[in-house]
Amino acid sequence: MDNKIDIKARIAAIDPAAVWSDAGDGMFRIPVSSFRETAEMLRKEAGFDFLRSLTGMDWGEEGLGCVYHLENTSTGGTITVSTADKDRENAALPSVQDLWKGANFNEREAYDFFGIKFIGHPDLRRLFLRDDWKGHPLRKDYDMALNPLNMKNEVSDDDAPSYEMTPDGSYILKRHPLFEEEEYVINIGPQHPATHGVLRFQVSLEGETIKKIDAHCGYIHRGIEKLCESSTYPQTLGFTDRLDYLGAMQNRHALCMCIEKAMGLEVSERIQYIRTIMDELQRIDSHLLFTSCLAQDMGALEVFFLGFRDREKVLDILEETTGGRLIQTYNTIGGVQADIHPDFVRKVKEFISYMRPKLKEYHEIFTGNVIARERLIGTGKLSREDAISFGATGGTGRASGWACDVRKRHPYAMYGKVDFEEIVLGNGDCFDRYMVRMKEIEQSMNIIAQLIDNIPEGEYQMKVKPLIKLPEGSWYSAVEGSRGEFGVFIESRGDRYPYRVKFRSTGLPLVSCVDTIARNVKIADLIAIGGTLDYVIPDIDR
Amino acid sequence: MVGYIKGIFRGLGSLLTGMKVTFKEFFTRKITEQYPENRAVLKMHDRFCGELVMPDESKCIACGLCQMACPNSTIKITTEPVTDPETGKTRKRLVKYEYDLGSCMFCHLCVNACPHDAIRFSTEFEHAVFTRSKLVKILNKQ
Amino acid sequence: MFDFGIVTNWIHTQLASVMSESLAIFLECVIIGVCLLLLYVVIAIIMIYMERKVCAAFQCRLGPTRVGPWGSIQVICDVFKMLTKEIITIRHSDRFLYNLAPYIVIIASVTAFACIPVSRGLEILDFNVGVLFFMAASSIGIIGILLAGWSSNSKFSLIGAMRSGAQMISYELSVGLSILTIVVLTDTMQFSEIVMRQADGWFIFKGHIPAVIAFIIYLIAGNAEVNRGPFDLPEAESELTAGYHTEYSGMHFGLFYVAEFVNLFIISSVAATIFLGGWMPLHIPGLDGFNAVMDAIPGFIWFFAKAFFIVWLLMWIKWTFPRLRIDQILTLEWKYLVPIGLVNLLLMVIVVVFKLHF
Numbered sequence: 001m002d003n004k005i006d007i008k009a010r011i012a013a014i015d016p017a018a019v020w021s022d023a024g025d026g027m028f029r030i031p032v033s034s035f036r037e038t039a040e041m042l043r044k045e046a047g048f049d050f051l052r053s054l055t056g057m058d059w060g061e062e063g064l065g066c067v068y069h070l071e072n073t074s075t076g077g078t079i080t081v082s083t084a085d086k087d088r089e090n091a092a093l094p095s096v097q098d099l100w101k102g103a104n105f106n107e108r109e110a111y112d113f114f115g116i117k118f119i120g121h122p123d124l125r126r127l128f129l130r131d132d133w134k135g136h137p138l139r140k141d142y143d144m145a146l147n148p149l150n151m152k153n154e155v156s157d158d159d160a161p162s163y164e165m166t167p168d169g170s171y172i173l174k175r176h177p178l179f180e181e182e183e184y185v186i187n188i189g190p191q192h193p194a195t196h197g198v199l200r201f202q203v204s205l206e207g208e209t210i211k212k213i214d215a216h217c218g219y220i221h222r223g224i225e226k227l228c229e230s231s232t233y234p235q236t237l238g239f240t241d242r243l244d245y246l247g248a249m250q251n252r253h254a255l256c257m258c259i260e261k262a263m264g265l266e267v268s269e270r271i272q273y274i275r276t277i278m279d280e281l282q283r284i285d286s287h288l289l290f291t292s293c294l295a296q297d298m299g300a301l302e303v304f305f306l307g308f309r310d311r312e313k314v315l316d317i318l319e320e321t322t323g324g325r326l327i328q329t330y331n332t333i334g335g336v337q338a339d340i341h342p343d344f345v346r347k348v349k350e351f352i353s354y355m356r357p358k359l360k361e362y363h364e365i366f367t368g369n370v371i372a373r374e375r376l377i378g379t380g381k382l383s384r385e386d387a388i389s390f391g392a393t394g395g396t397g398r399a400s401g402w403a404c405d406v407r408k409r410h411p412y413a414m415y416g417k418v419d420f421e422e423i424v425l426g427n428g429d430c431f432d433r434y435m436v437r438m439k440e441i442e443q444s445m446n447i448i449a450q451l452i453d454n455i456p457e458g459e460y461q462m463k464v465k466p467l468i469k470l471p472e473g474s475w476y477s478a479v480e481g482s483r484g485e486f487g488v489f490i491e492s493r494g495d496r497y498p499y500r501v502k503f504r505s506t507g508l509p510l511v512s513c514v515d516t517i518a519r520n521v522k523i524a525d526l527i528a529i530g531g532t533l534d535y536v537i538p539d540i541d542r
Numbered sequence: 001m002v003g004y005i006k007g008i009f010r011g012l013g014s015l016l017t018g019m020k021v022t023f024k025e026f027f028t029r030k031i032t033e034q035y036p037e038n039r040a041v042l043k044m045h046d047r048f049c050g051e052l053v054m055p056d057e058s059k060c061i062a063c064g065l066c067q068m069a070c071p072n073s074t075i076k077i078t079t080e081p082v083t084d085p086e087t088g089k090t091r092k093r094l095v096k097y098e099y100d101l102g103s104c105m106f107c108h109l110c111v112n113a114c115p116h117d118a119i120r121f122s123t124e125f126e127h128a129v130f131t132r133s134k135l136v137k138i139l140n141k142q
Numbered sequence: 001m002f003d004f005g006i007v008t009n010w011i012h013t014q015l016a017s018v019m020s021e022s023l024a025i026f027l028e029c030v031i032i033g034v035c036l037l038l039l040y041v042v043i044a045i046i047m048i049y050m051e052r053k054v055c056a057a058f059q060c061r062l063g064p065t066r067v068g069p070w071g072s073i074q075v076i077c078d079v080f081k082m083l084t085k086e087i088i089t090i091r092h093s094d095r096f097l098y099n100l101a102p103y104i105v106i107i108a109s110v111t112a113f114a115c116i117p118v119s120r121g122l123e124i125l126d127f128n129v130g131v132l133f134f135m136a137a138s139s140i141g142i143i144g145i146l147l148a149g150w151s152s153n154s155k156f157s158l159i160g161a162m163r164s165g166a167q168m169i170s171y172e173l174s175v176g177l178s179i180l181t182i183v184v185l186t187d188t189m190q191f192s193e194i195v196m197r198q199a200d201g202w203f204i205f206k207g208h209i210p211a212v213i214a215f216i217i218y219l220i221a222g223n224a225e226v227n228r229g230p231f232d233l234p235e236a237e238s239e240l241t242a243g244y245h246t247e248y249s250g251m252h253f254g255l256f257y258v259a260e261f262v263n264l265f266i267i268s269s270v271a272a273t274i275f276l277g278g279w280m281p282l283h284i285p286g287l288d289g290f291n292a293v294m295d296a297i298p299g300f301i302w303f304f305a306k307a308f309f310i311v312w313l314l315m316w317i318k319w320t321f322p323r324l325r326i327d328q329i330l331t332l333e334w335k336y337l338v339p340i341g342l343v344n345l346l347l348m349v350i351v352v353v354f355k356l357h358f
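Protein chains in written order, with this note's numbering: chain D, 1 to 542; chain A, 1 to 142; chain F, 1 to 358.
Any given hint might turn out to be false.
To be verified - Dumping the calculated BS3-like pairs for lysine-lysine here, alpha-carbon to alpha-carbon at most 25 Å:
| no. | chain 1 | residue 1 | chain 2 | residue 2 |
| --- | --- | --- | --- | --- |
| 1 | F | LYS155 | D | LYS212 |
| 2 | A | LYS76 | A | LYS96 |
| 3 | D | LYS358 | A | LYS96 |
No lab work stands behind these hints, which were simulated from the structure alone. Predicted model, so just to flag it, every value in this text is computed and none were measured.
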C-alpha cells in the first residue's frame, strides 16, 4: 500500500487534477492533458514495464477513454490508471505504443471500437472490423442500422494512417504505404493450414527470406464484448468458452472469479480444488495440442497423431464430468455446474501414470530429432525486454526468461498452496518455447497429483441469488490461461448487465510480436514461430 | 573435422531413435473409432450434452424461467390460461415448448433455472439434418 | 531362374511368321507400350493404397476401411473421382505451359519406369548405358515442375517450383555419385548386366562398407529427388499449401500425384536393382540346396518384394521426421552427402583395385 501512496503522490505532483476513484478495484483518473507525462513517469521512473491490459471505454458524459492496467515486473506492484477525453466526436488520446509495444494493437482495437484517435500512433488502422465499416460499435451511441449485411468484397487499405496534432488543436491525417510497389508480397492466410484459423499475414519476401509481416485480425470477430453488455452476468459465462477454446476452463474461471470478487463471494475449498484440477487438465490438453500442431506444421505427422491420441484421454475425463469436450460450460458463478464424476479421481490418476512415459516418447521422436532441433534452436528469438513490452505472457514470455506465470505472481484458487515449479528458460527461441510447454505438462501433472487425493468435502455450488447484480465499480482478475495471462475487466453500474466487459486476450500480444520475431527468417521459420507462439484465433478476435 | 563426423553420427542416432518409436507404433493396436459401425457399442458419458429434452412434461409448469434465462432465445414457450375447477384460480398451462437446437449453446442456464427439473440434456448426438427448420424441436408431445 | 526372354522371343517369332519383320516390331512396341502404361497405373494404385495403409499404421489409425475389403477399392474410386473432376484453367496463366507441365512430369516418370528390369528377360529399355539413360530420363521431370510453378501465375507455386529446382538438381548429384560407386564395382552400366553380376551375392554384401554407405546416400538423395518427406519442401503443405501444383485440379493434379508415387517406386526399385540384386534371388555361395530353394521363387516376386520393402522403408522415414528447411536441405547435400559420396567413391575404387570385395 505504501507503494500506492507513493505513486499517488508522484501522480499528483504531475497533475493535481488526477483523482483516485475507489469503486471496485479502484483506479487513478488522469486528465488527458497530463496523461502522456504521467504514463512516461510510470514507465520510466516507477518501472511499470508491463501493460497487462488496455481497455477502451465509453463513459458517456465523461467522454471516451481508456483504462490501463500496469504492472512492475521486478516488484510485482500493479496500478490501474485511466484517462478520458470529453469530446466525443473527436476523442483523442496520446498514444503510449512507444512506451509499451503491446499498446500498438490494443490502441488499434480501441480506435476500431470507440473511434478514439491515438495521437502519435504510426499505424492507426482498424484492427478487427472491415475498413469500410461505418461507426464504432462499442460506443453506447452506436446505431446498429449503419452496417447492414455487406455483400461486397472488402477493399482493404494498403496504407496505414496516423494522426498528428498541430499546436492549434487540429489533427493532420498522414498515410504511409504498408508495402512498396516492387515488394514480393504473399498472403499467408486467412485460409492457410499453418495459421491455425483465419488469421492473415501479409508477408513481404526476398527469395525465401521474410522482410516484413503485417498481421490482419478480425476474420472471426464475434463482438463478444458487445454481446456481454446486453447479457446478464450468468449469460456472459457462456461466451468465455468460445474465446480460447483450448482454455475454456481457465477463461471461465477468470470471469467467475472476477464476478465473485465483485460480489464479495468466497467459494468453498472443494470448488477451489476442482477448479484448479480442471484448469490444469485443460492446460495439459492445450499443451498436447500445441505439441501436435507444431509437429504437424513442421511436417512430422506422427507426433500429431500421438498427441491427439493422448489428448483424447484428457478430453474423455473432462467430458465425463462436464458433459462437453471443447465447450465445457463447467464453472458457474459461485461454484461449478456439477460435482466431479465418481470415476473422476481414478481416471485422472490413471491418466497421469499413462502420460508420464508417453512424454518420454515425444522427446525421443521429436525433441531429440536432429531436424527438429536444427529448425527450432535459435530461430525466432524474442528478447526478455520485448516479451515484457509486448505483454507476451505464457509459455512465450517464460521461454524468454520472464517469470510471468499468474499462478505465481497473483496466486488464485489453490495455486498458492501447491508446490510446483515455474518453468523459465532463457533463450527465447522456438525450441525454448516448445520446451516450456513440454515441461509444463509435467508440472501440471505434479499439481494435479498433489490435489487429486485431497479434494475436501463440501458443496460444489455456493448459494447465489438468482438475480445477480454487481455493485458500482470496476474489477480486473486474471488467471494463467493455457497460453498466457487471461484477464477479465468488468465495469458495473449496479445493473444486472455489465456496463463494459473486456477480455484480455492471451493471443493478441503474441500476434503483435510476430513482425518483430520473424524478420529476416525463412518462410519455414515463420511456420515454426507461429506454431510455437501458440495463438488461438478466436481468442484474438473476441 | 571431429565435430563434423560426431555431428553426423549424433544426427543419425537421433533419427534412428525416432524411427524406433514409430516402428513400435506400427505394431501397437490402432485406436480408430469405427463410427458408425460401432454404433451399438458406442456409449456416451451420461453427462454429455447432446440436446435439451423434457422427459416428463407434467413437471413443467410453464413458468417461463428457462425462456428468460436463455441468452440466445432458443426456447419459446406458448401457454394458455386454464382455470382450476376446484380452487377457481387461473394458472398457465403449457401448450407448446419449442426448442431450437440450431441456436442452443448448451450453457445449462435453462436447466439450472428450471424449478421443477422438467428439462435436462440428453446424450443424443446425431443431429445432422438437411434444413435448419428441422432443428426446431417441440419438446412436449401435444 | 525362368527367363522371360523365351516367351518374348516366341511371341516375336510367331508374329514375324505371319507378318513382315518391321510390322511385327511395330506391333510389339505398341503392345509393350500398352503393357507399360497398364503396369504404371497398377503400380500407382498399389503405391497410393500402400501409402495410405502404411502411414495409417504408423499413426495408430486404420486407414481406408470402407470401400471394398480393407478399403482396397478406395484408390480406384479416387481415380474415377479424379477423372470426373473439372480441369480448371487459371486466368493470366501461361495456358500452353500450364497444360504441358503435368505431361512432361509424367513422360519423364514413364521413361524412367521403362528402364527397370522386372525379371529375367523382362526389360523394356536395356542398353549398355542404361544407368546414364535412367538418370537423364528421370531428371526431365524437374522441367515439368518448374514449368508448373512458373505458368500457374501463383506466388505459392513459384516458390514451390524454385525450391524444387534447387533441391532436385542438387540431389541429382548424390544419386549419380552413389550409383557411380556401384558402377565402379560392376564395370557395367547396363541394368540387366548389373543384376546378373549379383548372382553370387548382392552388391550391398559384396561391396560391404562403401556399398552400404552408397546405399544410405542413395536412399536419402533418392527420397529428396522425388520430393518426399522429410524433403517435401516443394509441396510443403503447411507452408505453401501445395507448392507447385497448388493451382492444378482434376486429372492434371492427378498426373502430378501419380508421378510422385511412381517416382518413389522407381527410386526404390533402382535401389533394389543395384544394391539388393533386383530380381536375383538371395544366393549364398557354397549353400547349393538353399540357393535352389531361393531359385524356385520367381524373379519378379523377388523384385517386387525388394522394391516394396524399400518403399516401406522410405515411408517409415517420411512419416517419422519433420520437414527440413530449404537452407538445411542444401547444407545436407553440399556439406554432407556430396563430400561423403566422393570419399566413398574413392574408397570403392580402392576396394576394387585391391580386390577387397567379396
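>> Under the constraints set out in the numbered hints, which ones does this structure not fulfil?
In response: The structure conflicts with hint 3 only, although it agrees with all the remaining ones.
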